[in-house]
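Put together the whole structure using the sequences plus the hints.
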Amino acid sequence: MRAEVKSMGKSLMIVDDSVTMRRIIMRTIRMSGVEFEKTEEAGNGAEALAKLKAGPFDVVLCDINMPEMTGLEMVKRLRTEVPERAGTKVIMVSTESSQELIEGVMADGANGYITKPFTPEAFAEKLKPLLN
Amino acid sequence: VNEQLCLETSLLDAAKEVFETAIFMELSECTDASQVVTGDAFMGSITFKGAMEGCMTFTCDAACARSIAMGMLGMDPSEEITSPEISDATGEVTNMLLGSFKARVQESLGTIEVSVPSVVAGERLHGRPGEGMQESAVKVNTVDGSLIEIGLLYRIKK
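Same order as they appear, the protein sequences are chains Z and Y.
Under my numbering, think of the first position of the first sequence as 1, with each following residue one higher.
Under my numbering, think of the first position of the second sequence as 1001, with each following residue one higher.
These are computed hints drawn from the structure, not numbers from a lab.
Just so you know, not all the hints are guaranteed correct.
Derived DSS-like pairs: lysine-lysine, alpha-carbon spacing no greater than 30 Å straight-line [said to hold, decoys possible]:
id, chain 1, residue 1, chain 2, residue 2
1, Z, K76, Y, K1049
2, Z, K76, Z, K51
3, Z, K128, Y, K1016
4, Z, K89, Z, K10
What follows is the structure, given as structure tokens:
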């Protein structure tokens, strides 16, 4: 049985161009035993960046391959253009799994990486340390 | 022949991983070559380039696509699902399939970059290899016997 982690007052944004994937991520997080107080969604990097400029989020789960603005560009611009959100943890969630790409996006300011297809355990492993 | 066998094994393993982890559905390999997807169907496709270039396709009939989408979305069989929702889910399955396949072959082949998936609905949907391309495919059955065809049209850069 998984230990539940309730994140008191913590907020999450899921960024993916697929509505289905956003729902799968939400369901998998619930299965992982992690709970957020507030959850929002965005369909691409530009929409996510606009929401981050408008208000804080503790954790952002972000796809890479998205139309309009990719997750890679979103992370870069978040770290350079929105210094007041330096505390926001960004975890990339993608089918891209090359070591080179992971190292690149971590160097650009991401805080973690989860590859698709994922398990509830993968989310628990990445999210729980961020919420404690 | 060895290369094809290796790719087919990777396709099959990728399909099993994606279906078990994201859709909570078990698959078994279909060895009956005469089985084909017929009638109204959905086909997800996604292109890739790099050490290997080409296109992966994922095809199943409309009822199977509906069942997969409902499984992914955690919906009850009594709930209504729209065609755009089925298309979106089919695209995500295709995307995850290529991601899982890529993770299995990339170490030996080299870096592969992927595009975003696209989905079409209709009848007699098949990918066709371009000049100099090879074709590899596997067929799998879901627990209820529905057929899924996963195809790979590719060219490996030497």
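Right, here's what the structure says about each hint:
Only pairs whose Cα atoms come within 30 Å are accepted, and K76(Z) paired with K1049(Y) is accepted, the gap being roughly 24 Å. Between K76(Z) and K51(Z), the direct Cα distance comes to roughly 15 Å. Compliance with the 30 Å bound is thereby established for this hinted pair. For the proposed pair K128(Z) and K1016(Y), the alpha carbon gap of about 28 Å is at most 30 Å, so the pair holds. With a C-alpha separation of about 11 Å, the suggested pair K89(Z) and K10(Z) falls inside the 30 Å cut-off, and the hint holds.
The structure agrees with every numbered hint stated previously.
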